[in-house]
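Trainee: Produce the complete structure using the sequences and hints provided.
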Amino acid sequence: MQRILPPLTALAACLGALSAGSVAHAAEPLRVGGAVLEAVDVARLPGFPGPDPDKALDAFRRTCAAPPVTLAPTVTGDAAALSAACTRAAAVPPGGAATFFATAFQAYRVVRPAAEGHPERRAGFLTGYFEPELTGSPERAPGYTAPVLARPPDLVSLEPGETRPGLDPALRAARRTETGLAPYPDRAAIEDGALGDSEIPLLWLHPVDLFVLQVQGSGRVRLTDGRTVRVLYDGRNGRPYTAIGKLIVAEGNLPLEGLTLARWTGWLRDNPETARRLMRRNESYIFFKLAAIEDPALGPPGAAGVPLSPGHSLAVDSNLWRYGLPFWIEAANDPATGRLAVAADTGSAILGPARGDLYLGTGDAAGVAAGNLRAPAGFVVLLPRAAASAAP
Numbered sequence: 001m002q003r004i005l006p007p008l009t010a011l012a013a014c015l016g017a018l019s020a021g022s023v024a025h026a027a028e029p030l031r032v033g034g035a036v037l038e039a040v041d042v043a044r045l046p047g048f049p050g051p052d053p054d055k056a057l058d059a060f061r062r063t064c065a066a067p068p069v070t071l072a073p074t075v076t077g078d079a080a081a082l083s084a085a086c087t088r089a090a091a092v093p094p095g096g097a098a099t100f101f102a103t104a105f106q107a108y109r110v111v112r113p114a115a116e117g118h119p120e121r122r123a124g125f126l127t128g129y130f131e132p133e134l135t136g137s138p139e140r141a142p143g144y145t146a147p148v149l150a151r152p153p154d155l156v157s158l159e160p161g162e163t164r165p166g167l168d169p170a171l172r173a174a175r176r177t178e179t180g181l182a183p184y185p186d187r188a189a190i191e192d193g194a195l196g197d198s199e200i201p202l203l204w205l206h207p208v209d210l211f212v213l214q215v216q217g218s219g220r221v222r223l224t225d226g227r228t229v230r231v232l233y234d235g236r237n238g239r240p241y242t243a244i245g246k247l248i249v250a251e252g253n254l255p256l257e258g259l260t261l262a263r264w265t266g267w268l269r270d271n272p273e274t275a276r277r278l279m280r281r282n283e284s285y286i287f288f289k290l291a292a293i294e295d296p297a298l299g300p301p302g303a304a305g306v307p308l309s310p311g312h313s314l315a316v317d318s319n320l321w322r323y324g325l326p327f328w329i330e331a332a333n334d335p336a337t338g339r340l341a342v343a344a345d346t347g348s349a350i351l352g353p354a355r356g357d358l359y360l361g362t363g364d365a366a367g368v369a370a371g372n373l374r375a376p377a378g379f380v381v382l383l384p385r386a387a388a389s390a391a392p
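Letter by letter, the sequence shown follows residues 1 to 392 of UniProt numbering.
Zero decoy hints are in this set.
Ranges of calculated distance between the beta carbons of each label pair, as one might list FRET restraints:
| id | residue 1 | residue 2 | range |
| --- | --- | --- | --- |
| 1 | A188 | R269 | 15 to 25 Å |
| 2 | G266 | P94 | 40 to 50 Å |
| 3 | T224 | D41 | 48 to 58 Å |
| 4 | T242 | V368 | 15 to 25 Å |
| 5 | D41 | G166 | 44 to 54 Å |
| 6 | D41 | T177 | 52 to 62 Å |
| 7 | N333 | L259 | 14 to 24 Å |
Think of the hints as simulated: they come from the structure by calculation, not from any bench. Being a predicted model, the structure only gives us computed values, none of them experimental. The beta carbon of each residue, even a glycine, is placed where N, CA and C say it ideally should be.
Mentor: Structure (structure tokens):
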């Protein structure tokens, strides 16, 4: 699930080979993306392990079972130590989640560096996202004029940190041509027919619903023929993402205060000509594939390849953190409201070591909650201990 994909971590490459136990004894403060990792005793984290640690353990186990995902070689989180924690997690008895997270991992508070006059110990930032439920048509029809497009065969996605000769390093995808790779068309060009015969509609939505689907990265669609399908992320054109809410506010169309998803999407529907112009300023374009809904209680697969758990799956900067790492997230104004969430997804707007996007579920209620979640937060990463130092 691509989340609405940033320089690599400044952490030395050799850190990836160190266990959490050895990290704790390093002579110099360890940094991830410019932030300091400060060891902390979980007993000193108010509220730990938070609500439903067993659900967090379930989310962790799902990431353990996923096939490996290619990440930048300098991501924080030792793969071997995490694998050992996965093995241990499989044997945790019911009710044992709290003890598992407290003993199998060493907690490190992510301390952000000073900037613009703020003290070094400033909070990170947490937002929420969800899986929308939309109405669509298997064919173009009145009210359903925007095609949900399949991944084109000429799209080449670039791995984290990968660059290609002749391409702007900022581009994260390219178009395969007879003469080599070229920048992929932007949103406006794609809407104007730049894909040609490579344009393959999977189904049709209202233009604003398609935009919401692309921002969220996946969704459930109730079709006019009675079927319900899940639409999953299957690539992007690699162009930069622009938040439409900022454009709406900047032009004076709506105030920033109270700018919820329902409000800005409603405004777009009521102003279709301006909506089209503003949406086309977001150059990023997402392609999709269809899938069956296997477990309605879980969300779509995230970038880690596993279904997302409402309230316990977190999108992180995948150039900095390894998928599967648990995080303790606490509200900056009330640390006792913390919760455990597992890194299982990423997104183009999720940049930096203390930035997260919490998956909150499916449907309108989850959408309201996600739209309302924009707040400072503290981030504590749980790095797996070396097998020898983990408690039995």
